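Between the sequences and the hints, there should be enough to build the whole structure, so can you do that?
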Amino acid sequence: MALIPGDRTQSVPEFLRELGIGRWSPIPQWDSLPIALQLAATVAGILGAIATIIALFLNK
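Counting the sequence shown from 1 gives a position; the working numbering is that position plus 5.
No wet-lab data here; the hints were simulated from the structure.
Since the structure is predicted, the reported quantities are computational estimates derived from the model, not experimental observations.
Hints may be right or wrong, so weigh each one.
[Unchecked claim] Pairwise CB distance ranges (calculated): (1) K65 x S37: 26 to 34 Å; (2) L61 x A41: 27 to 35 Å; (3) A45 x K65: 27 to 35 Å.
Don't be surprised by glycine CBs; every beta carbon is placed ideally from N, CA and C.
Shown next, in the form of structure tokens:
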């Protein structure tokens, strides 16, 4: 099921699971964490990856 803007029928953890975030998480109890914490960890990870890539390019 695609995520449609304004569509509230799909929960956030379900959306994260579609991205594969909940499936192979290093945290076994990932689904029991509060949604805000899951989103914060996800955003931090993505920003960290982007910052790492930028740093690698600037370091050449």
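Right, here's what the structure says about each hint:
Taking the beta carbon of each, K65 and S37 are about 43 Å apart, not inside 26 to 34 Å as hinted. Taking the beta carbon of each, L61 and A41 are about 31 Å apart, inside 27 to 35 Å as hinted. In this structure the supplied range 27 to 35 Å holds for A45 paired with K65, their Cβ-Cβ distance being about 32 Å.
Hint 1 alone, counting from the list given before, is not met by this structure.
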